[in-house]
Each structure stands twice: as structure tokens, then as C-alpha cells.
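J.: Here are the chains, one letter per residue:
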Amino acid sequence: MRSVPMVRPAEFGTRRELNASEFLERASRDQGARNESESVNSFLQHEWGIRTFGYTSMIIDPENGQAPPLTDAGKALAATRGRGTYSGGPFNAIDDFTLYDRCITRGALGSLLPVIYGNGLRIAQSPNLVAISYEMIHDTRIVYLDGREPLDDGIEQYLGSARGRWEGNTLVIESKNFTDRTNVGVNGGGTPNSAQLRLTERLTRVDPAMIEYIATIEDPVVLTAPFTLRLMITTQPGYDMYEYGCHEGNEAIFNALTGERAYEEQVAEAIAKGLPAPKRATEHTQIRNGRSETFFDINKGE
Amino acid sequence: MRNAFSSSAVACLSLWSAPVFAHHSLAAEFDINRPIRLEGVVERMEFSNPHSWLHLEVTTASGEKQKWEIEGGPPNSLLRRGWNRNSIPPGTLVRVEGYQALNGLYRANGQRVTLPDGKSLFMSSSEVGPASDAAQ
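From first to last, the protein sequence lines are chains A and B.
Using my numbering, you'd call the opening residue of the first sequence number 1 and step up by one each time.
Using my numbering, you'd call the opening residue of the second sequence number 1 and step up by one each time.
Hints are computed from structural coordinates only; laboratory data are not their basis.
This structure is a prediction, so every number in the text was calculated from the model and none was measured.
The beta carbon of each residue, even a glycine, is placed where N, CA and C say it ideally should be.
There may be inaccurate statements among the hints.
[What the hints assert, rightly or not] Capping the alpha-carbon separation at 27 Å, the derived lysine-lysine pairs in DSSO-like fashion look like this:
1) A/Lys300 x B/Lys119
2) A/Lys75 x B/Lys67
3) B/Lys119 x B/Lys65
4) B/Lys119 x B/Lys67
5) B/Lys65 x A/Lys75
[Claimed, not checked] Every beta carbon over 10 Å from chain B, so not counted as near; a handful from chain A, in silico:
6) Glu22
7) Gly164
8) Val221
9) Pro237
10) Leu275
11) Gly301
Please construct the entire structure, taking both the sequences and the accompanying hints into account.
T.: Encoded structure:
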């Protein structure tokens, strides 16, 4: 599903599927990406899946495949989010990082959307509940099927609270009780959600190896209209879910904060000497893969 | 593209971002203009998330012993790439290429590890590919 865009490119209009030649082009591009991930510089081996889908976009409603604009309140909420390590800084406090940077969560929907790696999903089922575990960050959502009442409105959780029911062969999951601290986009980024988020998911096993997943996102505070997206959850032979205890090796916050302090010292030193402040080291200025990049030799004391 | 996780107006208006990011930005933690190469003896490999860490003792030309920590990809990616816990046993002399931490500590983002027999392992945890090594 990684090659299916979330938002539909304008040229497809209201068309949901690629035609034969467009599909062939995508399939060939996917195979190229697979080959590259197997043999060239990448840690993304086995992260490209084995199937190509002909959807023109994940968003299927509205008809044009476009995401609805944010409300003013939605824009204001987005501005409260931690800027994250991709912002280039400055990094001064924990709020400058995202929940994903901090290994807290990627959110109920953002944990399931296709990303660069760690796309594994495990769905365990019993007569009374379904547990959905996401590989990266390793959140698990418990979906009760026993007809119990939803949680009280005052209770808010990062992943919300989920209640499920069967409609024929389709598992319908309705979730609410979200916090207003998460986002509904890829890896928990992108569009913010308020505590009024309602997430309705429909999972249908359409084939022994595939589950069609359709999610409707409603958030009257943030979104000017609801929207619905569709993707396919698939099996992949040989792909195992590995444990992802995220906090134990998460040095990123320490590295970014101490990197910021080192930069402040460099700026103070330059100013004391009457020199212009140094630039942040976020732009790569050396040539790579072309011939050379000069290495500093640590053993020689460089 | 850099705004995928940011709260900037661009990111919130664009709504969805291309899913091409690793967990953390390399440039926020490591100096991408300070590619380093070092040789050292492996003390241990930590297979932890969201990044693995290879611990090395490096001896400089002046005889100084430095304890280096090299960040690698998440265990699930390294395992799928063919690594395992015993790929680099303690005591192995390895050469590492990567990028030193901005904070100046003996810490780096590892890109490539070369073993004594010449075999090399890719350990990148971030979006920058191995330096000068397109065909690795």
C-alpha cells in the first residue's frame, strides 16, 4: 500500500482505480523499490510488501479523494503540537518533540497507515474481544465485542476507547474518548484531532490473505467535513512481528537537547570573538555517493 | 517534506505527508557535515528500539582509549536485513563509518560496519544512506 497516495492526484478526478497502463507503471515502480530495498543502501528490506494495489488514493470520500480543510480551531490546535526532530530545532523542552519522537504513541489511526518501516500489525481475536497490536511503538488497542457501554465522556486516552460489533462478515469498530494531543496522520503526524474525534473502522476479510480496512474520521472541531479512507491489510510470508520496547534505546531526545546546548555554546563563542553566529548543522553540504565525502579519522585524532 | 511532524502552518494545511521518514531526524542529533571513520574493538551490541547501539573501544594514535556508542537501525529492520545478536561478537575489531553526534560526545549514527574479513553490514538508522557507497 506504500505506493498508494493518501490524497488523490488531481488528474484522476473522481476515479478510484488506475487503468491498466497506469497500474503497470505503478507495479513496475513498486518492483524497482523492492529490488532497491533488497540490494542497495537501505534498512528497509521486506518493507515494500509483495502486492501492488490499483487505488488512485486512500481517501475515497469525499468523491474527489481530497482531504477536507481544517477549521480555524483545527489550525490553532495544530500549532500546539511539538515541532519534532524534523523541524531543525531549536530543541529546549520536552514539548518540542512529538509523541512519536518520545515513543509515546502514533495514535489509533496513524499507527496503521503505511510507513517507512515497522508496518507489522497483529490482530488477535476471541469471542468477546479483538486486540490490534501495531509493531512500531508497540501500542495495542483492545476492542470489546461484548456490548459493554462506552467509557464516560470525561475519560480521555491516547488511543481512545473502542467498541466493536459484527455486521455480517465485517467487524465495525467505533472509537471515542480520545485526547486532543494526538494527530490522525501517518506516524501520528499531520492533521491534529480534538477530543471530539470519532473513528469508525470497518474490517472485512475479503480473501484469506487480505483484510479491507475502511476508516471514517469525524472531528467537528478540527475538520470542516468528515472523510473516509480505504486500504488493504495484507499478509506477507516470512514477515514476523518483533517486539518494539521503544523507550530503552531512545537516545534521540538526549542527543537533540545536548546538541542544542553545544550549538548555543558555539554561538556564544562566535559572538564573544566578534564573529557571525554559526549555522545550524542541518543542511548536508558534502557530496555523497558521487565520490566523496571526507571522513574525519577518529583513530588519528581528527 | 521536513515538516511531516512539525506544527508549522505548512504541515497542518497539507494534512498528509509522504510516509518516508525514519523515527527521528538524523540532522537533529548528528552532524551530517562530520562524517567519521573509526576502528575499534566491539564491547557489546544492544538490540534495542527505536535504535540499536554498538559499543566500541577506540584507541587513538596517541594511545587514548575512547568508549564510542554507534547508533544502528531498529532491531526488526536489522534482523530483516540479516543481522542477529551474534553478528558482531565482543572482541571483534571493526571499522565504522557514520556521523558524529552534535553534542560532541563519543557517539555516532552508524552507516556501515566492516568486519575483519572485509564483509560489511549496513546499520543505518536514518534517512541518509552510507557515505560514498552506492553499490554496497
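J.: Hint by hint, say whether it matches the structure.
T.: Do the hints match the structure? See the list:
no.	hint	in the structure
1	A/Lys300 x B/Lys119	holds, 23 Å
2	A/Lys75 x B/Lys67	violated, 46 Å
3	B/Lys119 x B/Lys65	holds, 25 Å
4	B/Lys119 x B/Lys67	holds, 23 Å
5	B/Lys65 x A/Lys75	violated, 52 Å
6	Glu22	holds, 19 Å
7	Gly164	holds, 26 Å
8	Val221	holds, 14 Å
9	Pro237	holds, 13 Å
10	Leu275	holds, 18 Å
11	Gly301	violated, 5 Å
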